[in-house]
Every structure is written in C-alpha cells, then in structure tokens.
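S.K.: Residue numbers (numbering that gives the first Met the number 0), protein chains in the order written: chain A, 0 to 91; chain B, 0 to 494.
In the DSS-like style, the derived pairs of lysine-lysine whose C-alpha atoms are separated by at most 30 Å in a straight line are:
hint, chain 1, residue 1, chain 2, residue 2
1, A, Lys9, B, Lys264
2, A, Lys4, B, Lys485
3, B, Lys104, A, Lys4
4, B, Lys366, B, Lys106
5, B, Lys485, B, Lys417
6, B, Lys106, B, Lys417
7, A, Lys4, B, Lys30
8, A, Lys9, B, Lys104
9, A, Lys4, B, Lys106
10, B, Lys457, B, Lys443
11, B, Lys361, B, Lys104
12, A, Lys4, B, Lys417
13, A, Lys4, B, Lys264
14, A, Lys4, B, Lys483
15, B, Lys417, B, Lys267
16, A, Lys74, B, Lys264
Hints were generated in silico from the structure; no laboratory data involved.
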Amino acid sequence: MQDNKQNWNKIANREALIGIGLAIFNFIWWYAFAYGLGSKDPEEYSYIFGLPDWFFYSCVLGFIVMVVLVIIVVKAFFVEIPFEDDEGEEQL
Amino acid sequence: MNLVAIIPLFIFLVVIFLVGLYASKYVQSSKSFMQEYFLGERSLGGFVLAMTMTATYGSASSFIGGPGTAYTQGLGWVLLAMSQVVTGYFVLMILGKKFAIVTRKYKAITMVDFLKERYKSSVVVILSAISIIVFLFSAMAAQWIGGARLIESLTGMSYTTALFIFAVSVLVYVTIGGFRAVALTDAIQGSFMFVGTLILLIATVIAGGGISNIIADLAAENPNLITPFGAEGNLTPAYVSSFWILVGVGVVALPQIAVRAMSYKSAKSMHRALIIGTIVVGFIMLNMHLIGVFARPIIPGIDVGDKVMPLIALETMPAWLAGIVLAAPMAAIMSTVDSLLILVSSTVIKDVYMNYIRPDAKQQTVKRMSMAITAILGIIVFIMALDPPDLIIWLNLFAFGGLEAAFIWPVVLGLYWKTGNKYGAIASIIIGVGLYTLSDLLPKLLPAFTDMFQTVFKPFGMHAVVMPVVVSFFAYIIVSLLTKGKIPNELKPTY
Chain A
0 MQDNKQNWNK IANREALIGI GLAIFNFIWW YAFAYGLGSK DPEEYSYIFG LPDWFFYSCV
60 LGFIVMVVLV IIVVKAFFVE IPFEDDEGEE QL
Chain B
0 MNLVAIIPLF IFLVVIFLVG LYASKYVQSS KSFMQEYFLG ERSLGGFVLA MTMTATYGSA
60 SSFIGGPGTA YTQGLGWVLL AMSQVVTGYF VLMILGKKFA IVTRKYKAIT MVDFLKERYK
120 SSVVVILSAI SIIVFLFSAM AAQWIGGARL IESLTGMSYT TALFIFAVSV LVYVTIGGFR
180 AVALTDAIQG SFMFVGTLIL LIATVIAGGG ISNIIADLAA ENPNLITPFG AEGNLTPAYV
240 SSFWILVGVG VVALPQIAVR AMSYKSAKSM HRALIIGTIV VGFIMLNMHL IGVFARPIIP
300 GIDVGDKVMP LIALETMPAW LAGIVLAAPM AAIMSTVDSL LILVSSTVIK DVYMNYIRPD
360 AKQQTVKRMS MAITAILGII VFIMALDPPD LIIWLNLFAF GGLEAAFIWP VVLGLYWKTG
420 NKYGAIASII IGVGLYTLSD LLPKLLPAFT DMFQTVFKPF GMHAVVMPVV VSFFAYIIVS
480 LLTKGKIPNE LKPTY
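With the hints as extra help, turn the sequences into a complete structure.
M.R.: This is how it looks when you write it as structure tokens:
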C-alpha cells in the first residue's frame, strides 16, 4: 500500500513536469514564429491559406502541434492511477 | 431586433433551466450534501470536465471584449489571445493527479479547504476567503453587467429588465442544482460556444470574400493590422508575452478553475479532459478573435468594441441563425457567472460559516443555509449590477491577476514542496495581492512619480501581474526556509 502511494506520487510529479515542459515548448514555438517571421516589413510577408506566414505558423499550426503533442503525451506517458485509497465514512 | 432572433435565445434559457431541475434531483437525494452541492460528488467525466473548465474560463471578456479589441488591434491581439491555449492542458497537468489524491485524502471541497489542511493556519484560511469573496464577487458583478448589456442590445429591452431576466435564469438553476447543474450547463454552454464561433467564422469569411481578400483589405487600411505589433505598433513582445502569466499558466491559481481539478471521477476522465480541453479552448480563442479581426473590413467604423460581435452576427447571417450564434456569448457569460456564484457561496458556507461560526451545524441546516446564501449572494449582485459602484468596477479589473498573485505559490508549491509552510504562504498572499494592488493605486495617488512606478511595477513594459507573481515566489521560498524550524513535525504535510 505504502509503495503504491509512493509510486503514485512519483507519477503525479512526473506528469506535472511534463506539463511544464509542454508549456515551455508551446511558448517558444509561439514566440519564435510570431516575432521571428512577423518582424519583417508587412510587404515582405508570404501567405499561407491567405494568412500571413508568421500568424499561420505561430497561431494556427502552433495550436495544431500542441493538440497533437498533448494527445501523444497523454496516450504514451500518462498513467491511470486510482484516486480512492480507502473508502472512509462520508462527511456531511 | 426582431423576434426570430430572440426565440433561440429563450429556448436556450429554457434548456438550461431544465438541466438545473435535473441536477437538483441529485442534490435532494445525495447522502453527502456538501460534496454534491459544491463539488458534484467528484463525479465529472472527461467531456463535462473539459467543457466546464473552458466555459468557466471563457467569459464575457473572451466573447465580447476580446473580439472587440481584436477588431481594433488586428492579428497582434489574436496572437495575444492564443497564449490561452496553454490553459487547456497546463492546469490539469500541474494540479492534476496530485491535487486529486491530496484533496480526496483531506476530504477538501474547496480550494481553501485544501489550503487549510495543508498549512493548518487560520490566518491563511481567512486571508484566502477574504480575497476570494472580494475579488470574485466583483468579477461576478461585472459579468452580470455584461450579460444584461448583451440581452439589452439584442432585444431592445431596458437594462433593468434584461438584468432581471439574466439574474433570475442563472439564480434558479444554480441555487437548486449546485455544482452539478453548473458543470452540466457549462457543458451545453461550452458546446454552444464551440459551434457558434465556427458558424460565425465561416459566415464572416464568406461575407468578406475569402481570407486572402480580407487580409488584403486590412493591409490596405493599415499594414500594422496584419503584424504582431497591433494597430499602433505598440504591442511589444514583452507585453504580449506577459499575458502567458495573466491568462495562461497563472490560471492554475484561480479558485473557480482549481476547484474543477478536484471534481473529476478518475484518471481516465482527466486524460480525456486534457485532450478535449486543449482542442476546445484553442479552437474557441482562435476563431473568436479572428472573427473580430475579419469583421473590420466588413463592417468598418464601429467605435464601441463590445458591439462588434452582435453586429457581425446580424450582418452576416439570417436572423434565426444569428439568434443561435449569439446564444454563444450569452452562454459564455452565464457559464462564468454560475461558477463564480457557486464558488463564492462555497467560500462563505464551507470556509467561513462551518470553520468559524457553526462547526457543528447539522446537515439539514447546512443545506438550507447553502441554498439561501447562494440565492442571497445572487440578489446582492443583482442590486449592485443595477447601479454598479465604481469600487466594483475597479476591483473587477484586479480580480484575476489579484487571485493569481495570491494563490499561485501557496497552491502549487504547497502541493510539490514539502518545506513550504504557513509563514511562506501568508507572506506570499500578502505580498502578491499587495504589490498588485499598489501597482495601480500608487500611480493614481502620486501621479508625479508615474514614471518611476512604471519601471518598478511594469519592468520592460510587461503586464502588472508579472512582478507580484515573481516577488511572491521568492517571498514564499525565503520565508518558508527561514521559518523551517518553527513548524512542529506533526504539522508537516504527510503526502
């Protein structure tokens, strides 16, 4: 029982770290494309599906990439653990 | 405004009302009233959890104010809004399983319950309860005003009548149905928001003659509209990026969001919610704000941003469809208001009344009190929204940033750092809220030093929320370390 609990805590901690990792990746992608491509003169922008390239990569593609990453991470690394360890008496 | 557009809105209100009735059956039959009324007996599945988080979070500001600002600022504001995608996965991943395990162990029903058990300090509890009541009460009043204005502009009714209709419909289902009614109606409201924005985006793109055409029109009017820097070129990267804290990762600390991270049934529902939540929040934010930008060439010259959404809907689609689509912002406002109402009510009942006034109250008393308090709070908000005092408007501007500055470290570090203690938490709350409030108050009181305050409170032109969050982090860590020896062993966290 105690081992299990230790283990669940480890899992919870690891998943929180994954969350931080994803957020950092998300931020870098968003920032790099927006200000990397968007800082040019607007006349030099190229366009994808009618949208300026910085916007397409940063906001549209960036969003899709994050969705795919979240799906992969959840399916591959997240563990289903039980939450209720002991069914105590109900409070109020 | 014609009748055809009003009918879908009223059908929507009726459906929401019926859901409230359905949920009230659970409240009546539950053997654990508090768990059911304030937490839906921790039974949310993945879809409802994702929707209630998104819908609680997506409020009047994302549906009315946001598109209005995007209309003025162009694509730069959509970029800023996209910092919210992170909320879809970050909140559940960070609080996630740890919060679920710990709050079950503590039998916590509110975020304050968690803080109370974690820090065993009545100062922490009282400070937290006060912050929640003051800030969220104001936020709630502001949302009611938004809801009433929307009904007013759609139907042509007077503001008071509109407010009355809005207040009654929300109050009834929240009072009788509690958290479960809030979560279920959020799921419906969230779905409306999702579908509504999609339809409206398509209609707007068609009306504008295709995306390329719209972007060309925007660039011809003002090239800045299609850059990341805003219409006047004054949206700096530092300012836009700092919204990652205010409306992105900082959302972890909002009590109305955090409480949802303890309401789900199993790890499986949490996993589903992570995926659905990320998709829904990103989709809604992207589309909603794009609609605002794309509306500009179609209906130029709107000077009140809040009118962009209703006007573009009426402009681009038949009245009955516009009615359905405009139920979306209505849904956004209601789903935020209902969550705030039940949360403030739980704070008053659970964190104040049951902790300090009547710890031995009987189940029947608690039940009657809970419903009564929920209704009374709603009525007070209604009266305030009739003629909103300036203080409420001012506090509302602070609500989210203030709560984030107060709670982010006591909650997050409280979960993951065992050495963190009550002194650290108290320091963090006081410093966070204090600095954030001062950042607005001081420049008003001492206008002569505005420049100095700008450098101190908004370094590099960042949003005022950043500095308090950073300083309160160090306050929590340093104070906790300094007072490490003062906490007896038996009071240390055991997880």
